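Asker: First to last, the protein sequences are chains A and B.
In case it helps, numbering that gives the first Met the number 0 puts the first sequence at residues 0 to 395.
In case it helps, numbering that gives the first Met the number 0 puts the second sequence at residues 0 to 216.
Incorrect hints may appear among the rest.
Some residues of chain A that are not near chain B, with every Cβ distance over 10 Å (derived) [stated by the list, open to error]: (1) Asn52; (2) Val66; (3) Val123; (4) Ser137; (5) Thr144; (6) Glu150; (7) Val157; (8) Glu158; (9) Ala177; (10) Arg180; (11) Ala200; (12) Ala310; (13) Ser380.
Below, a list of computed lysine-lysine pairs in the DSBU-like style, where the Cα atoms sit at most 35 Å apart [as the list claims (entries may be wrong)]: (14) A:Lys178 <-> B:Lys156; (15) A:Lys178 <-> B:Lys104; (16) B:Lys156 <-> A:Lys240; (17) A:Lys366 <-> B:Lys104; (18) B:Lys104 <-> A:Lys240; (19) A:Lys240 <-> B:Lys147.
Please keep in mind that the hints were generated in silico from the structure rather than gathered at the bench.
The structure presented is a predicted model; accordingly, all values stated were derived computationally and were not measured.
Glycine included, every Cβ here is placed at the ideal spot set by N, Cα and C.
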Amino acid sequence: MTHPRLARLATDALADAAVQSTPPAPSPEEEARAIHLIAEAIRERASARRRRNFLAAGSLAVAAGVVLVIGWRSRTHAAPVAQSPVPPVASATEVTAVAHALTDGVVVLRAGAQLGLDAGGSIVRDDRVVTTNGGRASIVLSTGTHLVIEEGTDFSVVEQGSTQTFALRAGSVRAEVAKLRQGQRFSIRTNDAEVEVRGTAFRVQVLPESAPCSAGIMTRVTVTEGVVAVRTSQGEALVHKDETWPPPCSVSPPPQPPPSPPPAVGPSTASPTVPPASAVSTALPPAVAIEPTPVRRPSSTAGADAASELAQQNALFSEATAARRRGDVATAMALYERLAARHPSSPLAESALVERMRMLAASDRRKGADAARAYLERYPSGFARSEATELAARSL
Amino acid sequence: MVARLRATVVKLVTRPRAAPEPILDDAEILAAVRRGDGSAATALYRRTRTTVERTLLRILGHRDRDHDDLAQLATIAVVQSIAGFRGDCSLDTWTSRITARTLFKELRRRKTEGAIFQADDGYDAVATGSADTHRDVSARSSVARIRKHLGEMDPLKAWTVVLHDVCGHDLREIAQITDVTVAAAQTRLARGRTELHERIQRDPELASELSRRGVRS
Numbered sequence: 000m001t002h003p004r005l006a007r008l009a010t011d012a013l014a015d016a017a018v019q020s021t022p023p024a025p026s027p028e029e030e031a032r033a034i035h036l037i038a039e040a041i042r043e044r045a046s047a048r049r050r051r052n053f054l055a056a057g058s059l060a061v062a063a064g065v066v067l068v069i070g071w072r073s074r075t076h077a078a079p080v081a082q083s084p085v086p087p088v089a090s091a092t093e094v095t096a097v098a099h100a101l102t103d104g105v106v107v108l109r110a111g112a113q114l115g116l117d118a119g120g121s122i123v124r125d126d127r128v129v130t131t132n133g134g135r136a137s138i139v140l141s142t143g144t145h146l147v148i149e150e151g152t153d154f155s156v157v158e159q160g161s162t163q164t165f166a167l168r169a170g171s172v173r174a175e176v177a178k179l180r181q182g183q184r185f186s187i188r189t190n191d192a193e194v195e196v197r198g199t200a201f202r203v204q205v206l207p208e209s210a211p212c213s214a215g216i217m218t219r220v221t222v223t224e225g226v227v228a229v230r231t232s233q234g235e236a237l238v239h240k241d242e243t244w245p246p247p248c249s250v251s252p253p254p255q256p257p258p259s260p261p262p263a264v265g266p267s268t269a270s271p272t273v274p275p276a277s278a279v280s281t282a283l284p285p286a287v288a289i290e291p292t293p294v295r296r297p298s299s300t301a302g303a304d305a306a307s308e309l310a311q312q313n314a315l316f317s318e319a320t321a322a323r324r325r326g327d328v329a330t331a332m333a334l335y336e337r338l339a340a341r342h343p344s345s346p347l348a349e350s351a352l353v354e355r356m357r358m359l360a361a362s363d364r365r366k367g368a369d370a371a372r373a374y375l376e377r378y379p380s381g382f383a384r385s386e387a388t389e390l391a392a393r394s395l
Numbered sequence: 000m001v002a003r004l005r006a007t008v009v010k011l012v013t014r015p016r017a018a019p020e021p022i023l024d025d026a027e028i029l030a031a032v033r034r035g036d037g038s039a040a041t042a043l044y045r046r047t048r049t050t051v052e053r054t055l056l057r058i059l060g061h062r063d064r065d066h067d068d069l070a071q072l073a074t075i076a077v078v079q080s081i082a083g084f085r086g087d088c089s090l091d092t093w094t095s096r097i098t099a100r101t102l103f104k105e106l107r108r109r110k111t112e113g114a115i116f117q118a119d120d121g122y123d124a125v126a127t128g129s130a131d132t133h134r135d136v137s138a139r140s141s142v143a144r145i146r147k148h149l150g151e152m153d154p155l156k157a158w159t160v161v162l163h164d165v166c167g168h169d170l171r172e173i174a175q176i177t178d179v180t181v182a183a184a185q186t187r188l189a190r191g192r193t194e195l196h197e198r199i200q201r202d203p204e205l206a207s208e209l210s211r212r213g214v215r216s
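Could you put together the complete structure from these sequences and hints?
Answerer: Below is the structure:
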């Protein structure tokens with residue numbers, strides 16, 4: 000590689016100056032403070048490792064218990080509903096998944112049989128996880144990926160090898176995807192889109208057909224971290240952090256009809272309506288890009304009043320994000336705070352608190368640290384815990 | 000007299016002394032950190048402080064307004080990433096790499112990449128013990144002007160040039176620090192060098208000063 004002469008002389012001069020520079024000795028107070036923080040970090044790292052080991056051992060124990068129970072039930076019970084097919088043995092390259100019901104109203108449908116998830120259990124290819132209204136479940140993959148199946152959702156496992164593919168027929172799912180290894184893929188398909196990621200956090204939702212402003216597309220994607228690719232018959236779009244796909248409507252939405260009934264819980268007889276990967280891929284015209292746009296402030300509050308609670312949350316979050324982007328920090332912080340206070344169980348509440356914490360930290364270290372501690376108290380294992388821990392430590 | 004002298008010697012020899020801090024080598028420090036022994040914090044701090052400080056100064060060329068916080072963040076990042084240290088480089092190299100990465104992330108978060116290479120270093124970056132004061136002033140002025148040119152360049156290209164040609168990181172390390180591929184880091188380095196060269200060419204005073212220094216050395 001060429002190294003132009005003047006650039007070389009310039010960098011040599013910088014290096015010479017750096018060699019001759021001497022860092023000032025820290026004061027005893029500074030030294031003591033730094034050592035205290037490092038000791039805290041060492042202890043925190045050790046306790047985090049112990050927690051991880053404990054959780055891993057607990058998950059293994061639960062999985063082993065579930066396998067034993069399922070095996071025992073399949074030998075002793077003759078009733079068709081109680082007969083739980085033993086999950087196929089995972090191949091060496093297969094990614095294992097353990098599902099847990101977070102509330103009542105969660106079932107797994109496997110080969111015509113209905114399984115409960117009260118004690119958790121492994122799920123395999125072709126399993127469907129169905130949640131009724133108010134039901135929620137979580138799925139943890141052996142790769143570290145974490146999925147939260149929200150209420151009124153019909154979610155199934157399509158592929159569990161180096162390519163992990165899931166199908167979302169109705170409802171919504173939030174995903175925190177662990178960094179994938181070389182050759183691994185993670186995607187979620189809906190009727191009209193395929194969402195593929197490489198290490199990020201996002202939410203996919205399938206709207207009811209009568210949803211306003213759907214423009215024929217029923218899928219909604221919200222990215223909270225990283226980048227995802229959304230493929231449809233119209234092409235591929237990259238959706239970045241804090242963006243939604245497809246771009247929001249430019250007019251205020253009409254009042255939403257009542258929510259669609261939860262998906263029918265029953266044996267999976269019909270073939271999935273989600274098209275296979277090949278169908279999605281072949282439908283794509285080459286090199287067509289749809290650029291998503293940032294979330295915009297809704298033009299009318301009347302529409303938001305009539306919209307569902309979820310739409311209100313989205314509108315608040317969008318408004319706050321728009322205020323942050325145009326530099327109106329006070330408005331943005333107030334809106335994020337209002338969202339977290341009014342909708343504490345909203346999937347956006349955590350992101351709102353994180354954004355508020357970051358803005359506070361940028362302007363006032365102590366307030367930022369207070370916000371970080373409040374966040375950690377509310378979301379001890381939240382996605383921004385390491386950042387919050389650092390911010391909280393900086394105020395000491 | 001002899002007895003009194005002997006008693007004094009005995010008293011001096013047997014006087015209780017403050018227990019010295021145990022001196023731990025790198026392997027002992029790393030092992031203690033890995034097993035969560037908080038008492039290793041002092042040893043780790045004293046072992047890594049100079050490297051962390053030097054790396055910050057090498058990259059920034061000045062004491063950042065949050066210098067102490069950055070140094071602490073970097074040392075905490077060393078603790079948090081200790082599981083990834085496999086011993087295939089020295090602890091100093093590892094610390095320097097983690098510090099550069101922490102600094103890179105922090106400054107990107109602050110969105111102030113454009114201001115990281117400040118012309119006014121405000122720090123005794125040039126030795127003050129030299130007899131030739133004129134040369135000192137001239138060197139300081141050159142360094143400030145080089146940093147001004149770097150500050151006006153694309154921050155990622157400027158970062159890559161500084162990390163490679165000033166701090167001595169190789170392309171693989173720079174790729175890790177800046178979250179890009181090695182090929183991208185190489186491209187940035189080549190383009191950054193060319194841009195810096197062209198900028199200095201348009202600054203004849205600096206170009207001639209650097210040329211004079213090049214001939215002297």
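Asker: All hints, please: hold or fail.
Answerer: Comparing the hints with the structure gives:
Separation of A:Asn52 from chain B is adequate, the least Cβ-Cβ distance of about 12 Å exceeding the 10 Å criterion. At roughly 31 Å, the least C-beta separation between A:Val66 and chain B is larger than 10 Å, which holds for a residue marked as non-interface. A cut-off of 10 Å between C-beta atoms confirms that A:Val123 is not in contact with chain B; the least separation is 32 Å. Separation of A:Ser137 from chain B is adequate, the least Cβ-Cβ distance of about 26 Å exceeding the 10 Å criterion.
Distance check on A:Thr144: its Cβ is at least 20 Å (rounded) from any Cβ of chain B, clearing the 10 Å threshold; non-interface status holds. Non-interface status of A:Glu150 relative to chain B is upheld: no Cβ of that chain comes within 10 Å, the nearest being about 35 Å off. With a minimum CB-CB distance of about 31 Å to chain B, A:Val157 clears the 10 Å threshold, and the non-interface call stands. Residue placement check: A:Glu158 keeps its beta carbon more than 10 Å from all beta carbons of chain B (closest about 28 Å).
Here A:Ala177 stays apart from chain B, with its beta-carbon at least about 16 Å from theirs, past the 10 Å limit. For A:Arg180, the shortest C-beta to C-beta distance to chain B comes to about 16 Å, beyond the 10 Å cut-off, and the non-interface label holds. Distance to chain B confirms A:Ala200 as a non-interface residue, since its nearest Cβ pair spans about 17 Å, more than 10 Å. For A:Ala310, the requirement that its beta carbon stay farther than 10 Å from each beta carbon of chain B is met, with the minimum near 31 Å.
Under the 10 Å C-beta cut-off, the non-interface status given to A:Ser380 relative to chain B holds; the minimum distance is some 16 Å. Of the pairs offered as hints, the one joining A:Lys178 and B:Lys156 holds, with about 27 Å between alpha carbons and a cut-off of 35 Å not exceeded. Using a Cα cut-off of 35 Å, the hinted pair A:Lys178 and B:Lys104 holds, with the two alpha carbons roughly 18 Å apart. Of the supplied pair hints, the one linking B:Lys156 and A:Lys240 holds, its CA atoms being roughly 24 Å apart against a limit of 35 Å.
Taking the CA atoms of A:Lys366 and B:Lys104, the gap is about 22 Å. The hint holds against a cut of 35 Å. Between the alpha carbons of B:Lys104 and A:Lys240 the distance comes to roughly 16 Å, so the proposed pair stays at or under 35 Å and holds. Pair hint A:Lys240 plus B:Lys147 holds up; C-alpha atoms about 33 Å apart against a cutoff of 35 Å.
The structure agrees with every numbered hint stated previously.
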